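**Student:** Can you make the complete structure from the sequences, with help from the hints?
Protein chains in written order, with the working numbering: chain A, 1 to 472; chain B, 1001 to 1533.
Don't read these hints as lab results, they were simulated from the structure.
There may be inaccurate statements among the hints.
Claimed, not checked - Label-pair ranges, simulated between beta-carbon atoms:
#1 A:Lys46 with B:Pro1114: 30 to 36 Å
#2 A:Thr341 with B:Lys1138: 44 to 50 Å
#3 B:Lys1164 with A:Asp222: 45 to 51 Å
#4 A:Thr341 with B:Leu1427: 54 to 60 Å
#5 B:Lys1277 with A:Asn49: 33 to 39 Å
#6 A:Asn322 with B:Lys1138: 19 to 25 Å
#7 B:Glu1041 with A:Ala228: 30 to 36 Å
#8 B:Asp1418 with A:Phe407: 45 to 51 Å
#9 A:Asn53 with B:Asp1089: 56 to 62 Å
These figures come from a predicted structure and were not determined experimentally.
Every residue, glycine too, gets a C-beta built ideally from N, C-alpha and C.
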Amino acid sequence: MAKSDPFNKDLNVINIGLSSFKENVEEAGAHAVQVDWKPPAELDKKILNVLSNNESYIEKQNKKCLEKILKGAPVLIDLDRAIDVIPGMKKNLILHAGPSITWERMCGPMRGAIIGALMYEGMAKNPKEAEKLASSGEIEYAPCHEHKTVGPMAGIVSASMPVFVLKNETFGNHAYCTMNEGLGKVLRYGAFSDDVVKKLKWMEAVLYPALKKAVRELGKIDLKNLIAQALHMGDEVHNRNRAATSLFYRTIAPVVIKTNDKDIAIKVLEFINGNDHFFLNLSMPACKVTLDAARNIKGSSVVVAMTRNGTDFGLQLSGTKNQWFVGQAPIPDALFFPGYTKNDANRDIGDSSITETNGLGGFAIAASPAIVQFIGGAAKDALNYSQEMYEITAGENNMYQIPALNFRGTPTGIDVIKVNEKGILPFIDTGVAHKKPGVGQVGAGVLSAPYEPFKKALAGFITSLDKKEKNK
Amino acid sequence: MVIKGKINKGEYFDSVTLMIVAQKLNGLDGVLDAAVVMNTEENRSILDASGLFIPEFRKAESSDLLICVKAKTDEDAKEALQHVDGILDSIRKEMSDTEDFLPKSLDTALKSMPDANLVLISIAGKYAEREAMKALKKGLHVMIFSDNVPLEDEIALKTYAHEKGLFVMGPDCGTAIINGIPLAFANVVKRGNVGIVAASGTGLQEISSILSDRGVGISQAIGTGGRDVKKEVGGIMFLQALDALDRDENTQVIVLASKPPAEVVVDKIVEKSKDIKKPIVAVFLGSDKKILTDTKIIPAHTLEQAALIAEKISKDENWHSVEDYLGKRKADLVDEKRIFNIIQNFSDKQKYIRGLFCGGTLCEEAQIILQDMVADVYNNITLDKEFVLKDPWKSKKNTLIDIGADEFTLGRPHPMIDYSLRNRRILQEVKDKNVAVILFDVVLGFGSNMYPAEELVPIIKGAQSQSTGKEIIFICSVTGTKEDPQDKKMVINELKKAGVFVFESNAAAAEYAGLIIQNISYKRAKEQSYGKK
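**Tutor:** Here it is as structure tokens:
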């Protein structure tokens, strides 16, 4: 016992509360660290008891889960048609971003994107016909996430759309994502004009086969490595993909030229070059294929999916199988393009928050000084935001690093218990869609995830622990 | 409605900055819409679509910045355009640093300080237990300054900590000095060979300060919180601290300070003391003197006496001389002609003391001293029904008030920091024609009010001028050391200049106040007997 007496050695104090006490300790010559403490969310006594009874078990399971995330090795191996590769894909099925939702409850951009997709598929001749079909019950809807897929914004995937095929080399699972259409009037923001469909058709007829040939020629592209480099070059691969797109371009350009006619190669390369966000549709499935391997670890409170459908915000935990925990999606308080205001903004939308779930995007914003203006302007703010996210994650990434934090690994593996205990919500980079279909992007910014789904997820997690005990 | 624009030649800003600028312009009165963009093809089409593309822009080059506002009046538009450059300038300046990141939790704090060994907690009581338990599980000692921590939480924390050999000081522990570092409300003391265990914050401050200013240093001063020595907690930490000081090679004398502990706790302390070779001095304020008879523990009646005995032992001198010294000091005070002079200036009605304390233990000590000297000492701390004030906001005869008691501190900073409540009470008391003496304490050290003299002197002067014709005597003690940040010497001088009788121990101040009141009665009694003749 004597060993632990605090006497006769340097006193190092952690001060939780009045900051003057910290200053006094320092003035007297000892070291002190101030905790910027705030009251935790009011948690039910019963919940706290279950958590404290299972503390070491949960810790062990979360460690397991984090290990799986860190070991994930996402590579791009191919491109193919959705219907040929996405499990469960069929002609009358449309995949969408976010948790499950009915046509009636869908927001404008999502409806618009579905209208566009039905016309693209040739199932409707005009928007009116498409809308009728969409609400007829003949078309089925399901979350991308439930089909090993992710999609930005509306995230609409229909049967004949070409998709990237990714593999997690460590665990053998796959994930899928469409190709990014670029900016302006695009399907993912709910635009469905003839131009939109025409572009999608071009992507199907020209871009897809050309890239498929090129990727097959290369065999695979190591996305984890590419993302790690991009973080060192100022991307966080959610709102900023300029470096990652450039790196991808450097990798793919020679083989695109090698495997395609010159005219096609030029158009394909111009298309990629003209769209800084091209890589978003690779960073997202890279995160998805990584996190999917960490699913279904009993007793793990780590979040494996966090996503929005423009109406609801939903999340899934490793320890609660495929259960969704859902709450209302927030309206982003963002910076708006000229002519638009918050009144035009749709509720938060897209599967792209899979990047934050994997410790990128908003969690890695400290790596991306170019976009720190979204959060107040000073580079230090970005550092602070990333650092705050360490409070709610199970650990740090082994590959993805933040140069400005002495190459510290990005905060990885959101722990729903920590989110609830500390009242700190995940920080998400986001683009803002106009609430009316077809208008497109109206701004960009950052926001905190809503509390409600995290509260529900903790309750659901507690129930899953109870079940475990009964099974014994 | 007016649309006006301008071109800033060759000025580059990234698009996000420009969105912020546009947002600021949009916030101006009279501005309906605004755009601030670099001159790219894409941006031109955006401007065109929102009706903000003016013909002038056709002349712009790709390195130019385009600014356009749609406003209610020509004046509004002009003003907004003038405003832009100011905004751009201020945004450039804002690029400088903001606040450093502070960890939001114990876990994260531990990452930046892996060798932390103590957690000081001063958040609202209902949250303190969770943070304290987390700290204990990480193997860290804990000091809980917070009050209003449920008793069962205190017991659980201390039981757990005791098993792991860790300290939980508090809850409601105002003071500790560990390895010479003052924690929370504590004084800057010399390091030395006297170790203190106290279930009383100001008690600890008083003893350690007296010792330090007399050249005797403190090895460790461990606060336990007042409830530790009650039956329910059973002295877990009090006894653990006693053990620790016994083990500590730098401690040669041990001082125990507390309000009366529960009987079972006294028994345990006595039992433990049998195995301890180091001398132990104890002041259990207000408890029966006999409880320590036939034990090896040396009992002291006041905090000051405990300090003085410890001083003697620490210096290897005969501690029995302390009693003589205190007796002589009292005699010296009595002898002073000044008492006679003071009394001369009182009106016939002036005969009571009003004591206003920010230190709870100091109030208690004054009570113990004064109740032996004068009759009818009322207060807000005693359990003695006869003398407890029904309304602590209203004094009666001789009254001693602990302004740090719950009824006063709810929703306010402690009176050791914030003097305002006591200041008002001083002004209230002097309006009472029967009041002769205002007795109060000044506690220095970290955490306490940094400017005691500056805040008290004007109040005292005001009180003297407001008192009803005749003089009022102010007596105070200053608890603290010369090394404390407030500059003790200066504080004492300023108070003396304002006519305050200043003492360096609370016991002496109380004693002097008692002497004055006693002398008033003698004088009146004499006058009456002369009058009768």
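**Student:** Taking the hints in turn, state whether each one holds.
**Tutor:** Status of each hint after checking the structure:
Distance hint check: the CB atoms of Lys46 of chain A and Pro1114 of chain B are about 34 Å apart, consistent with the given range 30 to 36 Å. Range check, Thr341 of chain A to Lys1138 of chain B: about 48 Å between beta-carbon atoms, so the 44 to 50 Å window is met. In this structure, Lys1164 of chain B and Asp222 of chain A meet the distance hint of 45 to 51 Å, their C-beta atoms being roughly 48 Å apart. Between Thr341 of chain A and Leu1427 of chain B the C-beta distance comes to about 56 Å, which sits within the given range of 54 to 60 Å.
Separation of Lys1277 of chain B from Asn49 of chain A is about 45 Å and departs from the stated range, judged on CB atoms against 33 to 39 Å. In this structure the hint that Asn322 of chain A and Lys1138 of chain B lie 19 to 25 Å apart at CB is violated, the actual value being about 36 Å. Checked against the given bound of 30 to 36 Å, the beta carbons of Glu1041 of chain B and Ala228 of chain A, roughly 34 Å apart, stay inside it. The hint said 45 to 51 Å for the Cβ distance between Asp1418 of chain B and Phe407 of chain A, and at roughly 47 Å that hint holds.
The hint said 56 to 62 Å for the Cβ distance between Asn53 of chain A and Asp1089 of chain B, and at roughly 59 Å that hint holds.
In summary, the numbered hints that this structure violates are 5, 6.
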